[in-house]
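As you go down the protein sequences, you meet chains A and B in turn. Numbering-wise, the numbering used here puts 316 at position 316 of the first sequence, and it's gapless, one number per residue. Numbering-wise, the numbering used here puts 808 at position 308 of the second sequence, and it's gapless, one number per residue.
Source of the hints: derived by calculation from the structure; they are not laboratory data. All of these numbers come straight from a predicted model, not from anything done at the bench. Glycine included, each C-beta is placed from N, C-alpha and C at the ideal position. Misleading hints may appear alongside valid ones.
Claimed, not checked - Cross-link-like lysine-lysine pairs, in silico, PhoX-like; alpha carbons within 20 angstroms at most:
no., chain 1, residue 1, chain 2, residue 2
1, B, Lys921, A, Lys167
2, B, Lys941, B, Lys931
3, B, Lys656, B, Lys591
4, B, Lys931, B, Lys858
5, B, Lys921, A, Lys24
6, A, Lys429, A, Lys371
Unchecked claim - Chain A regions said to be covered by chain B (calculated; three or more residues, Cβ under 8 angstroms):
no., region
7, 155-164
8, 175-181
Chain by chain, the residues:
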Amino acid sequence: MNFPILSSLILLPLVGSLFVLFIKDNTSKNYQNSKYVALFVSFANFLISIYLWYLFDNSTSEFQFIENKQWLKGFVNYKVGIDGISILFILLTTLITPLCIISIINSINFRVKEFLIAILVMESLMIGVFCSLDLIIFYLFFEGGLIPMFLIIGIWGGERRVYSAFKFFLFTLLGSILMLIAIITIYWTAGTTDVIQLYELGIDLKYQNLLWLAFFSSFAVKTPMWPFHTWLPDAHVEAPTAGSVVLAAILLKLAGYAFIRFSLGLFPIASDFFTPLIYFLSLIAIVFISLVALMQDDMKKLIAYSSVAHMGFVTLGIFTVTQQGIEGSIIQMISHGFVSAALFVCVGVLYDRNHSRMISTYGGIVSIMPKYSIVFMIFTLAAIGLPGTSGFIGEFLILVGAFQKSFLVAAIASLGVILAAAYMLWLYKRVVFGNLINKKLLKMPDLNKSEIFILWSLVIPTVFFGFYPEPLINTVEVSVNNLIEMYNYNLTASVVEFKK
Amino acid sequence: MNNLNFIYPEIFISLSILFLLVLGVFKKKSSNLIYNLSIVSLITTLALIFSYPLESNVNLFNATYKIDFLSSFMKILTMSSGIFVLIVSPKYLKIFKIFQMEYPILILCSILGMIVMISSNDLIVFFIALELQSLALYILASFNRDQIKSSEAGLKYFILSALSSGLLLYGCSLIYGFSGSTNFIIISETMNSSQYGLTFGFIFILVGLAFKISAVPFHMWAPDVYEGSPTSVTLFFAIVPKIAALTVFIRFLYLPFLNVIDQWQIIIVFLSIASMVFGAVAAIGQKNLKRLVAYSSIGHMGYALAGLAAGTNLGIQSSIVYISIYIVMNLGLFSCLLMMKRNDQYYENIEDLSGLSKNHPLLSLSLMIILFSLAGIPPLAGFFAKFYIFTAVIEQSMYFLAIIGLLSAVISAFYYLRIIKIIYFDLEKEKYDTDYNMGLKISLSLTTLLILLYFIMPSRLVEIVSRINII
Numbered sequence: 001m002n003f004p005i006l007s008s009l010i011l012l013p014l015v016g017s018l019f020v021l022f023i024k025d026n027t028s029k030n031y032q033n034s035k036y037v038a039l040f041v042s043f044a045n046f047l048i049s050i051y052l053w054y055l056f057d058n059s060t061s062e063f064q065f066i067e068n069k070q071w072l073k074g075f076v077n078y079k080v081g082i083d084g085i086s087i088l089f090i091l092l093t094t095l096i097t098p099l100c101i102i103s104i105i106n107s108i109n110f111r112v113k114e115f116l117i118a119i120l121v122m123e124s125l126m127i128g129v130f131c132s133l134d135l136i137i138f139y140l141f142f143e144g145g146l147i148p149m150f151l152i153i154g155i156w157g158g159e160r161r162v163y164s165a166f167k168f169f170l171f172t173l174l175g176s177i178l179m180l181i182a183i184i185t186i187y188w189t190a191g192t193t194d195v196i197q198l199y200e201l202g203i204d205l206k207y208q209n210l211l212w213l214a215f216f217s218s219f220a221v222k223t224p225m226w227p228f229h230t231w232l233p234d235a236h237v238e239a240p241t242a243g244s245v246v247l248a249a250i251l252l253k254l255a256g257y258a259f260i261r262f263s264l265g266l267f268p269i270a271s272d273f274f275t276p277l278i279y280f281l282s283l284i285a286i287v288f289i290s291l292v293a294l295m296q297d298d299m300k301k302l303i304a305y306s307s308v309a310h311m312g313f314v315t316l317g318i319f320t321v322t323q324q325g326i327e328g329s330i331i332q333m334i335s336h337g338f339v340s341a342a343l344f345v346c347v348g349v350l351y352d353r354n355h356s357r358m359i360s361t362y363g364g365i366v367s368i369m370p371k372y373s374i375v376f377m378i379f380t381l382a383a384i385g386l387p388g389t390s391g392f393i394g395e396f397l398i399l400v401g402a403f404q405k406s407f408l409v410a411a412i413a414s415l416g417v418i419l420a421a422a423y424m425l426w427l428y429k430r431v432v433f434g435n436l437i438n439k440k441l442l443k444m445p446d447l448n449k450s451e452i453f454i455l456w457s458l459v460i461p462t463v464f465f466g467f468y469p470e471p472l473i474n475t476v477e478v479s480v481n482n483l484i485e486m487y488n489y490n491l492t493a494s495v496v497e498f499k500k
Numbered sequence: 501m502n503n504l505n506f507i508y509p510e511i512f513i514s515l516s517i518l519f520l521l522v523l524g525v526f527k528k529k530s531s532n533l534i535y536n537l538s539i540v541s542l543i544t545t546l547a548l549i550f551s552y553p554l555e556s557n558v559n560l561f562n563a564t565y566k567i568d569f570l571s572s573f574m575k576i577l578t579m580s581s582g583i584f585v586l587i588v589s590p591k592y593l594k595i596f597k598i599f600q601m602e603y604p605i606l607i608l609c610s611i612l613g614m615i616v617m618i619s620s621n622d623l624i625v626f627f628i629a630l631e632l633q634s635l636a637l638y639i640l641a642s643f644n645r646d647q648i649k650s651s652e653a654g655l656k657y658f659i660l661s662a663l664s665s666g667l668l669l670y671g672c673s674l675i676y677g678f679s680g681s682t683n684f685i686i687i688s689e690t691m692n693s694s695q696y697g698l699t700f701g702f703i704f705i706l707v708g709l710a711f712k713i714s715a716v717p718f719h720m721w722a723p724d725v726y727e728g729s730p731t732s733v734t735l736f737f738a739i740v741p742k743i744a745a746l747t748v749f750i751r752f753l754y755l756p757f758l759n760v761i762d763q764w765q766i767i768i769v770f771l772s773i774a775s776m777v778f779g780a781v782a783a784i785g786q787k788n789l790k791r792l793v794a795y796s797s798i799g800h801m802g803y804a805l806a807g808l809a810a811g812t813n814l815g816i817q818s819s820i821v822y823i824s825i826y827i828v829m830n831l832g833l834f835s836c837l838l839m840m841k842r843n844d845q846y847y848e849n850i851e852d853l854s855g856l857s858k859n860h861p862l863l864s865l866s867l868m869i870i871l872f873s874l875a876g877i878p879p880l881a882g883f884f885a886k887f888y889i890f891t892a893v894i895e896q897s898m899y900f901l902a903i904i905g906l907l908s909a910v911i912s913a914f915y916y917l918r919i920i921k922i923i924y925f926d927l928e929k930e931k932y933d934t935d936y937n938m939g940l941k942i943s944l945s946l947t948t949l950l951i952l953l954y955f956i957m958p959s960r961l962v963e964i965v966s967r968i969n970i971i
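Just chain B, with the same shape it has in the complex (with noise of 0.2 angstroms):
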């Protein structure tokens, strides 16, 4: 039990799990405290992850779970992500009267899922962990209950998702079957390509894990689930979840299934064309900026896609590198939408940004920002996400894919234009209420300067990931 202090995040949040529940349990109108508290305890387990050295490299509890640093990256990722998602989302909760001691309780569950996902090493760690996460997403997504859209977006999240997690396990218990093992590095020793029920296990496993992050043909949850979950939920769902599962896709494509790269290739690069494609194609017609959103994470995803196609650690780290940015930039993004309110109603179609630019020039400039960066174009941060990608890719000489990625980039550039236009270009509307919480603001503008300022530093980051060598 010497190894104990590497899972210490995982044990800290657990328990401040429950005792935060006890607490919401014995004291009466404490959602404003346990709030508070959970934001706390967040930073201490982020906190706790540099606890041991992050280069460290060990298997835990009979190599069922791995501490490297891709997962203490990811982890770091996906609290600090954690932590922001729950300070800019009070005021919208509590305007819709959902300010309830279980949100932070169950946003806390489902991170505590993802760390654990992030570091599994062993079919039946990664499966638990991934229905921890994805139960505490259901009701989330439902947290609005007496709004008919977000009862429907759990309903509906929750019978595709148990589907998806159905053919996962089944896939799990096939390469079980036929390799003797749950263990990632026992499976990655008896795969190879002529066993037909093991690639056909891994098959399966690769459907669940597309659908967790929303890859096309595996997406249609998404547009629906986005727009009708409360919008803070929606934020949460848009960055966090995608963190994990792309490290889980990391883990599975590279460690197990590693032998059979000749066969996933192939996959992979249809998912990640797909999506791209859909994503821009999609979006176009959507008026709701939650759709649209979702559309275009469709998007981003893909592009995430591609690095991993490349089958390189350059490949990996470029997805890496572009999820980081992608969240910074998706946080941005809805930090200007918790601010679209006005007399205690929120706005959320696209047409609502009306002429914004007049009222609100700050607010309208930083926004601006973020879709040109979304977009793309340089010299913003989400231009670096996509030069590292197809820089990876083109180096494995996948011309095609990095054609049609940056024509869908085109493509997806004309609709975040369309934003922009709407913003500056079209009459103007009442104003929006200024009454913002620290928190928004300080998400807001740090995500703003981070993506404007990108450029000036650009190798910190690559540095940092590239000491992330999986192969």
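In isolation and in its complexed conformation, chain A is listed as follows (with noise of 0.2 angstroms):
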């Protein structure tokens, strides 16, 4: 294959952003033209990488469509491919972005120019992230993210959205200029920044440690852990609907990826020196933040806390390092990626036609909004983890993987589901279910034909993949595989070392 197709599904959404620039939007027929470019560009850009699953091989766990130019001489190539782990990302970035686009039709009313242009460049950043096979490329991809996401929040977000822009930019600013000096540190001890190169040669023991801590305060604000997460549910809160979806279904995936690819990749001694500071996180995250989710009246930041306590079993399963976890935890990403999507629109939906996320506000919806009521419910079970959804597969790996390591982490985070059980419910139940005490509720009307459309192409996914998760498990079975062998050669080569 000498066509980079990679790059291309990169450069698209960039050209198309371009092409949005330059549609005056002074009458409503040009206003419809930009979003069409963008809904044409980013729904090509969703079959191209169709095709690129379709011609992936599953059964190596080499890196696939490598690219390699020389970009800064000497110092850094532009290399980006694909193994089994960032192919499956690749598709919810785009799966996610065209829906995006649909959704603003409800949500955005002015400058939707410019959300375009912010959605399209933040597109085009992401699956460049999830491509690149270089630190300093992920890097710049990585941070880049930051700019157009700030301008979502801040232009188009609710009351306090310039201070959640900020706390969101600094916070996030600040963990990865940390890994930046950690990146060019292993320049200069490794001499090369190439992953693939490092995964071979491996990391100097004596920095192992530092340099681990170095990515982890960049992942940690970005995943985000506890107690690093608290700029996660001002920036949602304040976001508009197609901002949180871009954040909690694509921008908090970043992280997790990040880990597998990096942390473990990189550091195997070091992360399995910290997993019990993980797993001691995660725990937090999983059962404290269940239960500040439990108290929330405003739907949003609910979700968002539940955003986070699910990216805590996503840590523990990743530092399990078996190979249910990690599987596990990249199936629960995805599937994240469909449910709190799904939810956060549902959520949008309500606040379109009633301009209030409290849950006091409502009560009784079914009997106003059935179809809205039907597709609440399946997310609402799919985020629980309810047998027959994404969620469920994912949520039971991570369990089965941690079980094999410690039976009482496994024990604490399997609190979680009940509790996520408990808050999710009741949030659906005093949402949905009740008595309608508040007569405005009355004139709302049920779903439009875009948000069917977006909410019933987040179901399929669910239920699909709850059903039949074998096509995901087979993209990522060789590339974990691999990934495990190499971290427990390493592990038991440094014991080795350490023995003479």
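Relying on the hints, combine the two individually framed chains into one complex.
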């Protein structure tokens, strides 16, 4: 394959955003045009990524579709490539973006053009993160995403949008900057920032712990892990629906992906050393944050906190370093991508009609909006991890992985599943069932066509992968296996070295 | 005299200054003509630099004057930023009724001083050139003489700068007394850490130089002078003298004083850390954009000094890359400032930018790109500038400097973000005039594109700069 398919995936949205920039939006017809251009571009990108999945070879753990070009001479090469882990995240990104663009028809009514540009730039940066095979290229894409996200929260957000945009930006920047120091240090100690070469060379044992912590500071903020999660509820609450969807469905996955690719891959010994720390933080996220979620009055905040709890499962699964744990984490991330995106759209549906996110405003919606209540039910159950939804597969595999390592950790984590049921079902009960007290709600129309389209295109993969997760597991299996083998090999090698 | 072709640029610019002065005296109402002629003469001077091979490395006039790739590169930078300063400012000057024939001539004088300073290889040549450029700058700072603030700026700059020149001269005389020569090469042979007189002298020189690039704790003049001077002069202050001063810094540190690197390294590290932190923290509370730029440029100089503190060729190169990108960013920022005009009145408070994005989408898009780049967010040019600096610093295992530098980058990101917030998130105000002149449009679009697209070919600039090998 000589055609640079990954680069075209990265570049296509950028080109699309250029087109959008030069469309004049003074008349309503042109205003529609920019939307169609963006939708067309992102949908084309989705088709390309499906084709990429079709071309992808499941049977090898080698990186595929590699492109390698000289970039910073003698320093850094522009190197991209994918393996079984990254391709799923690319698919998730390209699936969510067109849905975001459709969702703005209902929720955004000013400066649409700028919003479309921001979303498209965001898409190409996110795809870039998932396929970059060089630490510096990775950092560029990883940090570049801050700019569009800052604008999305700040321009189209709610009342306290400035506060949350700043918090989001400065928190993540602070975390990442330590990672930049670590990346440069790796360059000077190992002589390269090429991930594939670094996998083979390994990183000097002396530095591993410090470097791991520097990377961790960035990933923990982005994940977000307790206690670095405080930016997330603020950012979510104030972001517009499409912004929340991007944030929850894609941006949060960056760090989970980076943990697998970089923390486990580059620093196996340090990862082993810090595993108890990760377990501890993940368990706090699962139990404590679930309790926090239980007490929220604001629907968006509740779902935001539930995201933190779900990401706690993900980090737990990753650091069990078992086949089931890591695969479970990946599936959990993909499934959380569908489910949280859909839940934010669900909240957005109510917010667009009534301009309130408070749970107490609602109640008894089932009699006015039956279609909405069905979809909301499906996603509530998926968020709980009911068998038959993709959420179940992820959480189940993670718990299986955790049981192999530590009974206690797995037992506490299981508690999180129960708590998730508590806060999600209680939310559903208070919003959808009960008596219809607020008379204003009577005027609310049920889902319109675009909302039905968005929500059902998320229901289908959620349920499909819940019953038949084979395609996902087949794609990641070999790559995960290889990662674990490499990890264990490095661990035993270091023990041997230590004994000498 | 067969080496004369190396100083054609200097000869040409001196002759054109004299010619323009005479022309201005004898021809009435010639300010427009002289303005254009001085742009032409700067362009010609720039072209004349290419009359000799850029790689040549020669010492002229008893080794008092040095032509090498560093000097040629920095002269090109000085000239081209001088040209841009001239082409963006006429409108501003006309509105303030200070479009006089002296203005371009003073700028030429100061540029002449700078390019001689860049090439100087001898304490006397260096000091004369320094004074030539400073004297022109004092007058430029107070050029809008009807305004109290401008006169204050000029006077303040004059007094403080004279003090620092005094210190510098004192240092020079100490060095001459202890080494017996004013020539850099001879000084470097006699320089060693056991001679306290020489060390004293060189610390005085460092203080004087730190004043010129406004490094903390010798920065006090910068905010007032930046705020008080006419904006076009502030632009000149913010970029052009820094190039020359940084070059002289490099020359001093790495030629006469290279032997005592263990003594000055810690001083440079201190200057760098203090400037980065102070520049970041002090800018937060500013309301006036020009004052804010002053503090931010203090911070940026801290980063450039961090590269020098590394004490390697890579460090020097990274500083030069940093200053080149810094020039481009500041040129863009000031082009935006010079566009903020409504009914012949210029606005320079941060609040005046409020809601700019609704009325002027393209202007605010470029301003946003420039500000994010100043904050060092990838993939814009400003990130690469910081990246090279920290690559050089970490190579020398100076982790402390790197961590402080990057933390202050986060703090400084805050005030850049605040401006972006005001542009994009706040309520809109009245429209600004859109009758920009051609020069402004060209410089803004050029700088924005350079910043935005730098990541496509990031190695071009580094390749050129990597030919500068001092040590």
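Each hint, compared with the structure:
| no. | hint | in the structure |
| --- | --- | --- |
| 1 | Lys921/B x Lys167/A | holds, 13 angstroms |
| 2 | Lys941/B x Lys931/B | holds, 18 angstroms |
| 3 | Lys656/B x Lys591/B | violated, 27 angstroms |
| 4 | Lys931/B x Lys858/B | holds, 9 angstroms |
| 5 | Lys921/B x Lys24/A | violated, 24 angstroms |
| 6 | Lys429/A x Lys371/A | holds, 16 angstroms |
| 7 | 155-164 | holds (count 3) |
| 8 | 175-181 | holds (count 4) |
Of the numbered hints listed earlier, those contradicted by the structure are 3, 5.
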